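2 protein chains.
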Amino acid sequence: MRVVLVGAGNVGTHLAYHLCSSQVKLVQIWSRTEVSARTLGERVEVPFTTTLDDLSADADLYIVAVPDHALPEIMSLLSLQRDRFIVHTSAGSSMDILRIASDRYGVFYPLQTFSRTHPVRFSNVPLCLEANTAGDLALLKDFARHFSRRIYIMDTEKRKTVHLAAVFANNFPNYLYQVSEDILHGEKLPFDLVKPLIRETAMKVQRQSPRQVQTGPASREDHAIISQHIERLGRDTAYARLYSFLTQCILDSLANKNKPHDHA
Amino acid sequence: MRVVLVGAGNVGTHLAYHLCSSQVKLVQIWSRTEVSARTLGERVEVPFTTTLDDLSADADLYIVAVPDHALPEIMSLLSLQRDRFIVHTSAGSSMDILRIASDRYGVFYPLQTFSRTHPVRFSNVPLCLEANTAGDLALLKDFARHFSRRIYIMDTEKRKTVHLAAVFANNFPNYLYQVSEDILHGEKLPFDLVKPLIRETAMKVQRQSPRQVQTGPASREDHAIISQHIERLGRDTAYARLYSFLTQCILDSLANKNKPHDHA
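The listed protein sequences derive, respectively, from chains A and B.
The working numbering applies: residue 1 is where the first sequence begins, and numbers increase by one.
The working numbering applies: residue 1 is where the second sequence begins, and numbers increase by one.
Looking at chain A on its own, in the form it has when it is part of the complex (with noise of 0.2 Å):
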């Protein structure tokens, strides 16, 4: 299998450094800025291009890896012939949006989060797929297997739920460490006081879920224990707005524990 990489961002990145250490050929790398493309494609061996023109034509696989405001314009300015299959791999965009490019079209969403310092070992990340025919989904899927075994078939709609669903599993998690990192360094803490905790948390809920494992003044109803702390943050600023606020939510969900599936 032959497969052509746009984009040499994050996600285009690491997919690149697996991709040379598995079966796959990558034979062609694009991106739209000259240092990113020669970075990459020294770095992992690859021929690397900044024009869209000189895209390899008879690639099995061209896999789009852009950031969603710039899919548009980049598959507008695809000229392959309409029977290469292409892919993106973004979770917010739809499937639809590569049909100006291609009659074979999908999406290949590695459930991730990607920083650029960061190796990424791909064995046990989720990958959502997408293909706008059953042929091309068992193409795509035989692709992913060379990534992961963790493989979920899924439309755009579910898709865009994950996406979601990863913006409070990772993006507001992780703004919470900083609160929490800056607080500590505010009195001349380390951080490391509390890493040990941050990764407890993380691996309970891979046994068990975070209902059942909730801990803290909040879910013990500890009035007094809240009042200090938000006295402690200083009452009005906005990190004793943030206290306040998220512990309102879990007292609510404490409250509707017993009502049937009530996300409101």
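It is possible that some hints are incorrect.
[Unchecked claim] Restraint-style ranges between C-beta atoms, simulated for each label pair:
| hint | chain 1 | residue 1 | chain 2 | residue 2 | range |
| --- | --- | --- | --- | --- | --- |
| 1 | B | Ala-138 | A | Arg-145 | 57 to 65 Å |
| 2 | A | Pro-119 | B | Pro-190 | 24 to 32 Å |
| 3 | B | Ser-79 | A | Gln-228 | 25 to 33 Å |
Calculated directly from the structure, the hints in this document are not laboratory data.
Treat the numbers as computed from the prediction; the structure is a model and nothing was measured.
We put the CB at the ideal spot given by N, CA and C, even for glycine.
For this one, chain A is given, so just place chain B on it according to the hints.
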């Protein structure tokens, strides 16, 4: 060293488990309720009681691991000699609350989340210690080394700040995991999908500052995706309000990035 454990809740239970595999001798366990005292006592093969007046009089250390709200009453009921060394395990209570029961007192606060069903390895757990004399602080440090190498000496005020930071590092993220689970289950998708993401997010901040690894629509200021997500949650639902609130916090934090130390 001979230790008496007062309390058989989550913290007490894990302390007892650990002590039984250490060189410290746990000589007695007290719990208010017969069933808790018996369950833990039989499990670790240590004598137990539900009567505070029956506490062994000559232990080297009395660890009081009871909920904050129960501490004052238990202290007033203890009838030990005033030269017995008593510590509590609470983040939220001051050390001085123990003064009523003894002239030698301190705090042994293990900074971890304890669930009865989930084993705890103490070797990496930060222990926050405090004592009212240098001699007893040294004794407490010796005791703590049986648990962990990560020993922090800090006064009550610092410990309360650590506890507050822990709420942001543990309780609030865990609640957000719960929201993520709800969103997925609402669309009949498995929570398994985001588990690797949760783990990776927690592992990243073990080495890098959360600020450096923040990703997602808010940190990209991707207002199109943010609006889509809020629509998907249903405008004016509790989860949409939560999403908006946290997104605004992240946007504000980007705007404040270059300001000097501003928590507000």
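With 57 to 65 Å as the target window, see if Ala-138 (chain B) and Arg-145 (chain A) comply at their CB atoms.
For Arg-145 (chain A) against Ala-138 (chain B), whose Cβ atoms are near 59 Å apart, the range 57 to 65 Å holds.
Satisfaction of the hinted span 24 to 32 Å by the C-beta atoms belonging to Pro-119 (chain A) and Pro-190 (chain B)
26 Å, holds
Hint check for Gln-228 (chain A) and Ser-79 (chain B) - Cβ pair distance inside 25 to 33 Å:
Holds: the Cβ-Cβ distance is about 30 Å, inside 25 to 33 Å.
Every hint from the earlier list agrees with this structure, and none is contradicted.
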